[in-house]
Amino acid sequence: MGDRDHLIAREHARRGRDMNVIYAVMACLLFLLVLQFLMLMVSIEAFLAGRHSIATAGTLASGACFAGACWLIRFITAIRRVGSA
Amino acid sequence: MSDRADGGGQLPIWKEDFPVSWTDDHYITRREFTKSLVVVSCAAFTANAALVGLSALRRARPPGAPSRLRLAQASEMPVGSARVFQHQGRACLLIRPDAERFLAFEQKCTHLGCPVLYRPEQKILRCPCHEGIFDAETGKVLAGPPPRPLPTVTLERNGDELWATEII
Chain H
3 MGDRDHLIAR EHARRGRDMN VIYAVMACLL FLLVLQFLML MVSIEAFLAG RHSIATAGTL
63 ASGACFAGAC WLIRFITAIR RVGSA
Chain A
1022 MSDRADGGGQ LPIWKEDFPV SWTDDHYITR REFTKSLVVV SCAAFTANAA LVGLSALRRA
1082 RPPGAPSRLR LAQASEMPVG SARVFQHQGR ACLLIRPDAE RFLAFEQKCT HLGCPVLYRP
1142 EQKILRCPCH EGIFDAETGK VLAGPPPRPL PTVTLERNGD ELWATEII
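Those protein sequences? They're chains H and A, same order as listed. If you're matching positions, the first sequence starts at 3 in the numbering used here and goes up one per residue. If you're matching positions, the second sequence starts at 1022 in the numbering used here and goes up one per residue.
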């Protein structure tokens, strides 16, 4: 019985840690999204002004943010797989 | 409408007619929310990439011969006057700051598109909507919210005739 309680407590602790990680990832995703919208505003302004190099740099930065968001999603998925294994 | 009489655990008739799971209907899961954030991120990146594609298309298009538009006779315009004209589908402003020179700019303010007005006594172009001020000599922003200078219209003078060519 003591072992069972111990296992249950460990499981709860693991789930608590996983939820903290997931919330941290969601916060990072929101931050990346805000950055991307800033980049989009800068690119639109540069495009209207005819400054194409700035628009290209903004797109590259936005692409990096999107790549970071995809990596974070994969990270969460990996955590869920490991947890359910 | 009435519930089934039996207690056998079957759904009442009205729930069969309206099969809504209220719990799921009210809540979005964390997984769905996170996926939606990534979808929005993808959309923002796609919009950025579309801008770059558009600008590459514009640069790749071979420049055609600039269209020429006869504006006015130089002698018809008094010093300090201004005249509005349409060139390449855009409203433009021709001004005569002194006896020797003629200048032309696009009339649309670079802030939110209001038409700018010439003030010869102050040598400025003023946007009445949000008090944007442009230099009447160069079109550069002197004050106010406009983010970019006014595009300049290249002028040619053939004797007494003024011609507009390209908008820079």
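Everything labelled a hint here was simulated from the structure, so no lab data went into it. Glycine included, C-beta positions come from ideal geometry on N, C-alpha and C. Please note that the accuracy of each hint is not assured.
[Stated by the list, open to error] Just a few of them, taken from the derived set where beta-carbon distance is under 10 Å, the chain A residues facing chain H:
#, residue
1, R1052
2, F1054
3, V1061
4, A1065
5, A1068
6, V1073
7, R1079
8, C1135
9, T1159
10, T1173
11, L1176
12, R1178
13, N1179
[Unchecked claim] Distance condition first, Cα-Cα at most 20 Å in a straight line; then the derived EDC-like pairs of lysine to aspartate or glutamate:
#, chain 1, residue 1, chain 2, residue 2
14, A, K1161, H, E47
15, A, K1129, H, E47
16, A, K1056, H, D20
17, A, K1129, A, E1097
[Stated by the list, open to error] Between beta-carbon pairs, the in silico distance windows are:
#, chain 1, residue 1, chain 2, residue 2, range
18, H, A66, A, E1097, 37 to 43 Å
19, A, A1164, H, R76, 31 to 37 Å
20, H, V36, A, F1039, 48 to 54 Å
21, A, A1081, H, A80, 41 to 47 Å
Evaluation of the provided hints:
no.: 1; hint: R1052; verdict: holds (8 Å)
no.: 2; hint: F1054; verdict: holds (7 Å)
no.: 3; hint: V1061; verdict: holds (6 Å)
no.: 4; hint: A1065; verdict: holds (4 Å)
no.: 5; hint: A1068; verdict: holds (6 Å)
no.: 6; hint: V1073; verdict: holds (5 Å)
no.: 7; hint: R1079; verdict: holds (8 Å)
no.: 8; hint: C1135; verdict: violated (16 Å)
no.: 9; hint: T1159; verdict: violated (16 Å)
no.: 10; hint: T1173; verdict: violated (12 Å)
no.: 11; hint: L1176; verdict: violated (20 Å)
no.: 12; hint: R1178; verdict: violated (27 Å)
no.: 13; hint: N1179; verdict: violated (29 Å)
no.: 14; hint: A:K1161 <-> H:E47; verdict: holds (17 Å)
no.: 15; hint: A:K1129 <-> H:E47; verdict: holds (16 Å)
no.: 16; hint: A:K1056 <-> H:D20; verdict: holds (17 Å)
no.: 17; hint: A:K1129 <-> A:E1097; verdict: violated (24 Å)
no.: 18; hint: H:A66 <-> A:E1097: 37 to 43 Å; verdict: violated (57 Å)
no.: 19; hint: A:A1164 <-> H:R76: 31 to 37 Å; verdict: violated (50 Å)
no.: 20; hint: H:V36 <-> A:F1039: 48 to 54 Å; verdict: violated (40 Å)
no.: 21; hint: A:A1081 <-> H:A80: 41 to 47 Å; verdict: holds (43 Å)
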